[in-house]
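A.B. asks: Starting from the known structure of chain F, fit chains V, D and P onto it as the hints suggest.
Protein chains: 4
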Amino acid sequence: MANSKFEYVKNFEQPDNLLPNTWIVVRIDGRGFTKFSNKYGFEKPNDRRALDLMNAAARAVMSELPEITIAYGISDEYSFVFHKSCALFERRSNKLVTTIVSTFTAYYIHLWSTYFPDTPLSPPLPSFDGRAVCYPSVQNLRDYMSWRQVDCHINNLYNTTFWALIQQGDMGALEAEEMLKGTYAAHKNEILFSRFSINYNNEPEIYKKGSVVFRDYELVDPGTHNAATEADNLAEPVLHSKNQTENDKKHRAKARIVIEHLDIIKDEFWDRRPWLLSNKPGKVPKET
Amino acid sequence: MANSKFEYVKNFEQPDNLLPNTWIVVRIDGRGFTKFSNKYGFEKPNDRRALDLMNAAARAVMSELPEITIAYGISDEYSFVFHKSCALFERRSNKLVTTIVSTFTAYYIHLWSTYFPDTPLSPPLPSFDGRAVCYPSVQNLRDYMSWRQVDCHINNLYNTTFWALIQQGDMGALEAEEMLKGTYAAHKNEILFSRFSINYNNEPEIYKKGSVVFRDYELVDPGTHNAATEADNLAEPVLHSKNQTENDKKHRAKARIVIEHLDIIKDEFWDRRPWLLSNKPGKVPKET
Amino acid sequence: MANSKFEYVKNFEQPDNLLPNTWIVVRIDGRGFTKFSNKYGFEKPNDRRALDLMNAAARAVMSELPEITIAYGISDEYSFVFHKSCALFERRSNKLVTTIVSTFTAYYIHLWSTYFPDTPLSPPLPSFDGRAVCYPSVQNLRDYMSWRQVDCHINNLYNTTFWALIQQGDMGALEAEEMLKGTYAAHKNEILFSRFSINYNNEPEIYKKGSVVFRDYELVDPGTHNAATEADNLAEPVLHSKNQTENDKKHRAKARIVIEHLDIIKDEFWDRRPWLLSNKPGKVPKET
Amino acid sequence: MANSKFEYVKNFEQPDNLLPNTWIVVRIDGRGFTKFSNKYGFEKPNDRRALDLMNAAARAVMSELPEITIAYGISDEYSFVFHKSCALFERRSNKLVTTIVSTFTAYYIHLWSTYFPDTPLSPPLPSFDGRAVCYPSVQNLRDYMSWRQVDCHINNLYNTTFWALIQQGDMGALEAEEMLKGTYAAHKNEILFSRFSINYNNEPEIYKKGSVVFRDYELVDPGTHNAATEADNLAEPVLHSKNQTENDKKHRAKARIVIEHLDIIKDEFWDRRPWLLSNKPGKVPKET
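Residue numbers (full-length UniProt numbering), protein chains in the order written: chain F, 1 to 288; chain V, 1 to 288; chain D, 1 to 288; chain P, 1 to 288.
If we strip away everything but chain F, and leave its shape as in the complex, we get (with noise of 0.2 Å):
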């Protein structure tokens, strides 16, 4: 029996290839989790669980997919960074995003009785919806990651506030939130430095700066390397020999996949870190 009469509709699927020699970001974000973070009594602003969890699907998505240089996470989003010259699935855009929704949801639901061991999970489930965006030159990846870890920052010090003053302040949600219209940072730090002695300051890395995950090497003093101007004079995908390919793919196994909460708007973080952007592996640093 032929299928040869229907398999016409074939020709009616699209081609979703993404411009080459641009840096392909894929971002997911949480369906409806302000309702499933009440269901599961998720703390606030920020619960360390959730936090982790999220962290350590991310962790598991890129020990999946090698070819994503660097993922960044905040509250039920993270992004991932495929390097420009990156050829995986020739670049279609729904293979490179749902593999990654997909992957991310799968160990969401794997490991959530490792983080909430008294809570299991009930219909309907968490899930996340994703897209890809292309960025053409360094500067507009840096400043897509930049956008996002100021959003984490003016979030993070406005939930901190909001919550003291419901939490500690016995504040309702509409005054609090009254109150907190139209502020700027410094009141909000002087809030709650005045009536709860909270110095933001001191507040935990991971909520205040996001999580940054990547393929841990030897820092390189700044100066010496530029990757970001190589990156952007890379006008194609680099063609190594086999052998090569081969090679940084064992080396990129052997490193370390790390969850750091830095500064990632500033050159040092992306400096000292060469590897991010030339997508060529460091050093393997020494046993510690």
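Just so you know, not all the hints are guaranteed correct.
30 Å max Cα-Cα, derived DSBU-like pairs, lysine-lysine [to be verified]:
#1 D:Lys95 with F:Lys10
#2 P:Lys95 with P:Lys5
#3 D:Lys280 with V:Lys266
#4 V:Lys280 with P:Lys5
#5 V:Lys208 with F:Lys95
#6 D:Lys280 with F:Lys95
Source of the hints: derived by calculation from the structure; they are not laboratory data.
C.D. replies: Below, chains V, D and P alone, put in the same frame as chain F:
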């Protein structure tokens, strides 16, 4: 602290709304399921537990997304159909695809232990990729569904014969492959019957037909409705009154989602279930 | 000298094939025609020479591209329709749009002196932009055509009244604009009739209805064909035998391309000319 | 009379804005120019009048669209480059491509009689198709330009030899083709020189190098500017003050548009004309 300096990066996100007035099919596929099925010892040619798990995940997706009108699954793939008038997520491709992929994955992982109680999951976890395709006419949509069901039949007849040769005929894989090369359906039926006394027609319907998932209403008499022509004539999203929409929603929520193994190529399946093409809920059957 | 070092840049070109089995409408618009029409002293509210030039260019486009089934023009815009089964240029959007825009422009410039013999063109020259839009069903296509013809009527009634107030009523532009603000069709008809003894119904059809361009065959009796339903049911490009295609081509080449000013909103226009929706050449009328 | 009933059809138009911060190249090609050039008796291998007409049309396009920074033409094709910061027409692909194609065609037809005074145009008229491609980095853009110039050289050397064999060597087309099959540049140079005493290096630059069109400012010393790196570092459209933009416009309007036949593969061309990559008008040369 304003975020305006970096916010320009939002402009790089490109719209992906699918063409209005077309049927949207989101098909998802298991990633690397050959390896995965070996790891967990899936039975060959079909593992009933694995299919039941796929079906349970598909039913959960339909339950969470009432905008899906029908779904069809074979092996490690599932197709979900949105009516041509569907306006969910403004028809943004990424939102539709990732929501389905993520929800499906979540239930697949969550329900795994129900169907495989003795073999707990371990990394790397199963995952799925997906894509959305638009079909302009009812005929295109039905041809797509027929294409998948013909594929189901072709693959299942081949696999049933192939594994009979191996499991009962003591052949090696290469030998069996060689023997089946270029054979027609009649040959395979003959091999099954003469060598192994297997009448392919008596094989379970779920293996021969795949699984079709939909909301169950009272069947209508063929010829009394013309949902296909009505659907093709429909030019734009029908704007019901708010009340009507709410009523439809309640109606749908009440309807039982069933999983059947029927012929979806012939007209009868569609003629007797006009709600699948009209998107108007049918009559809820009396208690049985 | 091999060109291979630079040829990778070809990979940046992205496919733009339009969704199969949908009607393709290419609409072109004059760029900056208000200024242009002032420069060449176009008569207001309608310049017959300018419309005749537009129509002559459209006829030439249809003659060079027999795959176009119908075209409709008003003012400085023209819409060209490709049948849903059309496979010209593999349905690549850029090829279809630029070929029409370029051919139209070529004839507009070339024929200018025929219609404006006393006012030679000088830079900046007139030009047109264009875009392709897909419509899945016959109803969508007809609604598109109706939309343009309703626009023609609305604009022409307004412009006829506006310019009567100025040219015969000695009003200034602002005064006329103010007077017409918020008026319904009936008011404008009334103004034309009572003030200027103009019966709008007696205005030339070309101004009231626009221009529709198509191949002329023998009209059929309404109700004898059902081209719309047949077209909607058509699922994929019909694959004729080579001979059939050649025959169709010759048939089309023989057919006279006519320019009419008819109502294309009502069913009659389409019912009596089934070849417009079926894409099958009709019967060539006897010599007249 | 309201138009609302049909206006929903506007929703079928899909956005086509090109990725920000990328160089946009619009390339246009003559449609069926082999046939066209035979019809009008173009000289082989190069017809100077035809090239001059192409160049005149390209210059007119650049004059009407000051956002174009550079153009490059060979044979019946022309590439127009918009700076990566260009925001013309909100970077809508169709608007950019059709405007260029239409304007180019208009001038080609209009100026025809200047360059071919003795052979008036007759239907079918010459026309052009076009497409837009995005290039993320300066290197990609320059590689695109180099690709075209290398093509020019390869084609011209081949055509020069091919037509010498035919016109001066009395060969037939097939025989000449056969003779040149698989030959390298050196062979062709040798054939030209030994058989026909033609030194290919002495052929006119316009044939060997093609034509590059740009605004003329004072050349700068190589090494004093780094426009390429600056351009790559540029992350978003530069928002000048309104005054600055107006000044730039006036500056550009004053600049002479020149047509040269230079090597655009080597660095020197770009190093000495930093305004091509920086998009900042250079210094207008003193009267000469």
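A.B. asks: Now tell me, hint by hint, if it's right for this structure.
C.D. replies: Now the hints, each set against the structure:
1. D:Lys95 with F:Lys10: It holds: about 23 Å lies between the C-alpha atoms, which stays within 30 Å.
2. P:Lys95 with P:Lys5: Cα-Cα ~27 Å, so holds.
3. D:Lys280 with V:Lys266: Answer holds: Lys280 (chain D) to Lys266 (chain V) is near 29 Å, not above 30 Å.
4. V:Lys280 with P:Lys5: Holds: Lys280 (chain V) and Lys5 (chain P) sit about 23 Å apart, inside 30 Å.
5. V:Lys208 with F:Lys95: holds (29 Å)
6. D:Lys280 with F:Lys95: Violated: Lys280 (chain D) and Lys95 (chain F) sit about 41 Å apart, past 30 Å.
Figure legend: structure checked against the earlier numbered hints; the only hint not met is number 6.
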